[in-house]
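K.L.:
If you read the protein sequences in the order shown, they are chains H and X. In terms of my numbering, the first sequence opens at residue 18 and continues consecutively. In terms of my numbering, the second sequence opens at residue 105 and continues consecutively.
Derived from the structure by calculation, the hints contain no laboratory data. Mixed in with the good hints there might be a few duds.
Derived EDC-like pairs: lysine to aspartate or glutamate, alpha-carbon spacing no greater than 16 Å straight-line [claimed, not checked]:
hint : chain 1 : residue 1 : chain 2 : residue 2
1    : H       : Lys-423   : X       : Glu-115
2    : H       : Lys-423   : X       : Asp-114
3    : H       : Lys-385   : H       : Asp-199
4    : X       : Lys-165   : X       : Glu-299
5    : X       : Lys-278   : H       : Glu-181
6    : X       : Lys-278   : H       : Asp-412
Predicted model, so just to flag it, every value in this text is computed and none were measured.
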Amino acid sequence: MNPFNEEEFLRDKARALSSGLFIRLDEFVNDFPGGAPGDLITLVKSFLKEIDSQLDSTSNKKVLWGYFYLIEELSRSLDWLDNAHTAQTPRGLVQLLEEIASTLHPDSKLLVAPTREINYSIIDLIPYYIELAEDSLSAKSSHPLLASLPKQLYLVRFPRVERENILNHATFGHEFGHPIADEFIEAQEQKPEYARRLERLAQSIQSDDDLKLELEEEGGDEVTRSKLLTGLVDQAREIYRRALEELASDCVGVCLFGPSALFASLDSHLQSSLDEAPSDPEYYPPSRFRLRLMTQMVRDQGYIDAMTAMSLPPGLEDVRAAVLNLFRYLDGIAANTADEDSLQNDPLVRIAYDWVRETLSQAIQHAKDRLSSMCYSSSVAQSELPTLLERIAVDVPPNEVGQWPKLRPANWRSAILASWLTAITASSDTARTAAERAKRIKTIQKLALKGIEYALLQRKYLNFKQHQG
Amino acid sequence: MSVIGKGGIDELLSAPDPQNRLFITPMLHPMQVGGASIDVRLGFDFVTVKRGNIGLLDSAKPVGQRERFRTSHHLNIKEGFYLHPNEMALGSTLEYIRLPLSVAAYVTSRSKWGRLGLVIATATAIHPGFAGTITLELVNHGNVPIVLYPGDRLAQLILNDARQAVAYSGPLAKQTGPYPAAPGETTQADDDDREFWYPPQTG
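Produce the entire structure from the sequences given, and follow the hints as far as they go.
P.N.:
Below is the structure:
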């Protein structure tokens, strides 16, 4: 019997782990005959084949442990694939996300999956896999593994508990905003004015009475003082960056989804303090600040006027009253300036937000330019909403407008907005019991989801017929 | 009770009052409206039974944990569903249908599929006022597997006049996919009579 050989032991374990992961991936085959989940499975399998081919050629324990770590990392993909694009993921949601991504990020692929967390997120997985390949397999960019990667593979996650609530999925407008906001911030950081603005930021910190005192009391010698100042500048820059990211993303949400983005954000904003100042580590802007900005944007883009002026069919007048009541409520929130007081109370936050106010309009303009034809418009809303509201009122999905035989697919954003307006009206109907209202809202969500699926399918079918001649 | 022909169907589809309008959506192709029927397509969702998880279906017993014996299948465009000989699966129409109170309907196979051995519905009546997708009970009575694709024009609706109807509000109302009912699932009327018809349940 040979003595125990740690390298062989590790090699066997790594191979068993790799084989286990390979089989688990194969088990997904029933769920995913193709599409982005199939692409991810192929990618992870390629990694595993590469690891297997390298396992025999090394006897370095560190490298063998590295393969262990790599397979463990790759097994995270199982979590991402779980229930992606299955019956657990609404088809209408996948379709609308693909519709947005096809314009904003052509050639990208989307992996849409539920998560147990009450959180929406979009993350590009490609940088993660590139880093794994480069660090753990020493792969160069010409390596077949890297050469075959799609441009972007976005992992899109939504709260599983909210699966059918397509109305709240308008939150994805904000999530699509993050890469756009990042583009703006990164471009800004390359400009010479940015360095000058940082200098001004440092001056503002040094001339603020409270911060000056902090620097003097804790600064000690010049080197320590300089380090402290750099730390404060970095923190202010982070507050600025995070504010711009979130606020510009909110505006992208409104551009993409119209007022539905604002309505979908109410859940998260109203459940926390409206006036909490940005704090480490996320530095979220105060909710009241965000609601004020989005409400203003909705107003500036003409949606409130459109909903006031839209010609409603008989029996649906209460929709207008309910939605205008909601905007009165939001105006009340916006008129209160307690959030501004919170921002002023912390000197570093105040200085960072002075900078935010200088730049925010440029960030919003960048977002609008970037979205261009993807933006929803109040004129489309005004023309389509009455018919769609009428359809929902008789329990029919809000997917088309016009008159038989000249029906045409509605804009899917109108389908969501009409559903939101009906849901807001149902919530305001205190003549019904809470259980009746909940049942009605559930029906509205189902109709909305079907309406989106149908509208996108009809659009695709029309394009096909046009190409067919 | 008379069957409604093409002219009547067109009138119903374009009725100005939505309460009196016939909705069949999305009607992707105008040729779906025939002389006295409307072709409807197969949708994207299917439900099959996990036989290993269920002993029997007994209408005397309430159904618990229905998800244990059902599997949902969700197809994309161009993906096929394989229905094997003697297999039953639930599907649904692609189209969402809302009948006005003046119209009843029944759903039946298109003959092309019937000749292959495919039965698409056994409970074929659609009540006035019904709104939702129609659940199809797909059974392959042929000898070879049949591949079904979303969008296949499997079935047709025949519409009839109805008089003094009350709107349907049963469990199938406003469904947007296959509805897998079970025999132990009851309506209010069934509940009132349970003790009369069924043996006492223990445990």
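K.L.:
Does each hint fit the structure? Answer for all of them.
P.N.:
Comparing the hints with the structure gives:
Straight-line distance between C-alpha atoms of Lys-423(H) and Glu-115(X) comes to about 13 Å, which keeps the hinted pair within the 16 Å bound. Distance hint between Lys-423(H) and Asp-114(X) is fulfilled; the C-alpha atoms sit about 12 Å from each other, no more than 16 Å. Simply put, Lys-385(H) and Asp-199(H) have alpha-carbon atoms about 14 Å apart, close enough for the 16 Å limit, and the pair holds. For the hint pairing Lys-165(X) with Glu-299(X), the CA-to-CA distance comes to about 12 Å; that is within 16 Å, so the pair holds.
Between Lys-278(X) and Glu-181(H) the alpha-carbon distance is near 14 Å, which keeps this suggested pair within the 16 Å criterion. With a CA separation close to 7 Å, the supplied pair Lys-278(X) and Asp-412(H) stays within the 16 Å bound.
In the structure shown, no violation is registered for any of the earlier numbered hints.
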